[in-house]
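As a plain string of letters, each chain reads:
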Amino acid sequence: VVRPARLSSVGAARPPLDAAAGRLGAAAGRLGARLGAGAARLGAVFRSPLRSPALASRLGLWLGAAVAICFATGLVSHAVQHPPWWFAWPSRPVSLYRVTQGLHVATGLAAIPLLAAKLWSVYPRLFAWPPLRGPAHALERAGIAALVAGTLFQFGTGVLNLARWYDPMPFFFTAAHYWTAWLAAGGLLLHIAVKLPVIRAALGSREEAPPGAADGGLTRRGLFTAVGGAAAVITVVTVGQTLRPLAAVSVLAPRDPRVGPQGVPVNRTARAAGVAALATDPGYRLVVEGPARTLRLSLADLAALPQHTAALPITCVEGWSADAVWTGVRVADLVRAVGGDPRHPVVAESLQPAGRYRRSELAGPHLRDPDTLLALRLGGQPLHLDHGYPCRLIAPNRPGVLQTKWVGRLVVER
Amino acid sequence: VTRRLLAAAGVLLMGYAVFGALADPQARRPGHLVFLGAVLFAHDLVLLPLALAVGLLLTRWLPAAARGPVRGGLFASAVVAVIALPLAVGPGRLAEDPSTLPRDYAAGLALTLAAIWIVAGGLAAARLGTSPGMRQDNYPRPVSDPEAEGLPEYADDDSTARDDVLSGREADGRDPAALPADQPLAVDRFGTTAEEARLGESLDYKLARESSDPLAGMARTAPAAEPVDGDENAALTDAIDEIGGDAALVADDTPVDPHLDSQVSMYDRPDELTDPGAPVGRLVEPDEGVRQDDEKDAVAYDSGSAGGGASAEELAMHEVREP
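Residue numbers (this note's numbering), protein chains in the order written: chain A, 19 to 432; chain B, 138 to 460.
Chain A on its own, in the form it takes in the complex:
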């Protein structure tokens, strides 16, 4: 309210310059005052007594924990797929990746009500007036904008990815999801740094919860119940995509671990990959290139090699997983057969002519693991075309995108 007077006096102080500028200044001042009054009125609209630093801090604590889980498991998944030099991922326990990635998706979904409630609890601050009080305040608000946008981006793109709906996303989901995670994490750290005294005061004091909305709306406990209940409902209706016992009640799960060719879901079909003709060609030969020799094995040759059976889950980065029993040739046996050393990585190339995941590198503990197979059979039956017929890679504790299907070449590096 003080601002218009000052601004108009500034305008009036320069009569020789231009009278119009002065009028403009006065008009801007009036506009500012009007906006300020409007914001104040708008602020009066939000009169829920529930909104308080105590509520925001408690919700923030839970949301922060959920974001931390998502961030950590997401980084693990990223590192497994694009391992930096310092990163080692074990092949045991077999279901470790299944747990981390299942947790990533389930936590993200369950945190959506937390995010909604958290943003609601601080919503009036969006209309705080004056909008910027100085450079520090501007920086803080910019950080908040980045944090909120980044978090909404992560949850929004995650949900769209689960629904396999890529049209609204004008970018490559995986890369954008990865880099925005760093943005949101940085914004969160900055936000915690700024709000630390408020959080400490709010969580430290044992202040009485407000008695609830004057109009009989939710109490604080009621709000927590609603948020927790919503998170529980979301979890129950979706987590069945990886927890088989809950598959029947998970009516909104994007996958059903019981549904698919041979009872196992498929992420990329042979038709989508464009390999149907190549894979069913009777002249198919698996090329195994090694330092000593190169083998060209037909399907019959592969079947004649010593067969091994392993019960391994197929785990998708999208959060679903399914148990399956695979039978095939040990990759380590093939590597030795061409004179390779299982300490050096092996590259598996798919028959599919193109695609982001047509090749994958198998190295370290996964290559040496006796359960790492070039699978020919699934559940005792020859592989379904959509599962990678004639043969596919299956290794313990690995993301599904790396379990290359329709393998055409194995290159053993020397």
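Because the hints were derived from the structure by calculation, they are not lab data.
Be aware that a few hints might be false.
Unchecked claim - Take a look, some chain A residues computed to stay more than 12 Å from chain B by CB distance:
1. A97
2. G152
3. N179
4. K213
5. L221
6. V277
7. H326
8. T327
9. R354
10. E367
11. A372
12. G382
13. D404
14. L420
To be verified - So the derived label-pair ranges between C-beta atoms look like this:
15. A/A97 with B/V138: 29 to 35 Å
16. B/A262 with A/A97: 49 to 55 Å
17. A/E367 with B/L149: 37 to 43 Å
Remember, predicted model here, so these are calculated numbers, not experimental data.
Don't be surprised by glycine CBs; every beta carbon is placed ideally from N, CA and C.
Given the structure of chain A, go ahead and fit chain B onto it with the hints provided.
Coordinates of chain B only, in the frame set by chain A:
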């Protein structure tokens, strides 16, 4: 120090995100920034205000006790819908692959919402039932109904003008005494006096009691309202004919001179129609309304003021000379 370290780490990570995204050929897309801005705008300025408005509108007319659970239910429904709608309306389902999005997600959403609202509705109902000051029983048992229990013609005195005040009968508890009606019923039956009890009721009386009494019925039921005739003029003409064709008298619309000294009504005009005659006292039948009536004509004697307290009807009685 902790705050500075945290802030520095935060800024560092955000910077890493920006530079990393710019350096990554797979991530360098303007659409990324557009989407970031779009989700911020869509949530803060569209979705959240819309949710607040809808929540306020939908719960505004609810009883206060039900608002909390209903708002909680609306909240849960909204977040579940956020997850389910892309599955239900999105193009993710593939005809060639039955394992991608294998379920009917619209039905799943409906089922989930139904579960949410069963819980929210149950909570709201429980709150309504136990909240103080609220009616706890939507079908309160009325106090005993003497008529239903076979007592005819009692005074139904259960209603008062103000619902929050108990009527006399209700104040008596669950089973109040049945109040007698205005008209005597059993007192004028045969056999209430010693002589009648000694004589015993004759067969004629017994038979008469079996048949309903047309006179009593007429006395008790209010005369049915005249059916309103559409043709008001016809009714008026009939009334004029009845009076004797003196249309001027009927059409007389001069203001009524308040007849303030009249004992009956300020509107009566005794001198115009009839001679008021001498006032008549209370008329009493020979049986005095309680004894055996062996007089077949309707006769009565004037008992004068008979202790006073004359009703308006009694005061309106006049002696009329027959034309």
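Status of the hints after comparison with the structure:
For A/A97, the condition that its CB be more than 12 Å from all CB atoms of chain B holds, with the nearest at approximately 14 Å. At roughly 16 Å from the closest C-beta of chain B, the C-beta of A/G152 stays outside 12 Å, upholding its exclusion from the interface. Not every C-beta of chain B lies more than 12 Å from that of A/N179, the closest at about 9 Å, which undercuts listing it as non-interface. At the 12 Å boundary, the C-beta of A/K213 falls inside the reach of chain B, the nearest C-beta of that chain being 9 Å off.
With a cut of 12 Å on Cβ distances, A/L221 stays outside the contact zone with chain B, its closest approach being about 15 Å. Listed as outside the interface, A/V277 is inconsistent with that label: its C-beta sits roughly 4 Å from the nearest C-beta of chain B, within the 12 Å cut-off. The Cβ of A/H326 sits about 26 Å from the closest Cβ of chain B, beyond the 12 Å cut-off, so the non-interface label holds. Remark: the non-interface label on A/T327 is consistent with the geometry, its nearest Cβ contact in chain B lying 23 Å away (cut-off 12 Å).
No Cβ of chain B approaches the Cβ of A/R354 within 12 Å, the least distance being about 36 Å, so the stated non-interface status holds. The beta carbon of A/E367 is kept farther than 12 Å from every beta carbon of chain B, the shortest such distance being approximately 20 Å. Non-interface call for A/A372 relative to chain B: holds, since the shortest CB-CB distance, roughly 15 Å, exceeds 12 Å. Residue-level check passed: A/G382 sits 25 Å from the nearest beta carbon of chain B, beyond 12 Å.
In this structure A/D404 is not separated from chain B by more than 12 Å, as the shortest Cβ-Cβ distance comes to only about 7 Å. At roughly 17 Å, the least C-beta separation between A/L420 and chain B is larger than 12 Å, which holds for a residue marked as non-interface. The supplied range of 29 to 35 Å is met by A/A97 and B/V138, whose beta-carbon atoms lie about 30 Å from each other. Here the CB-CB span from B/A262 to A/A97 is close to 51 Å, well matched to the stated 49 to 55 Å.
Look at A/E367 against B/L149: about 39 Å separates their beta carbons, and that is inside 37 to 43 Å.
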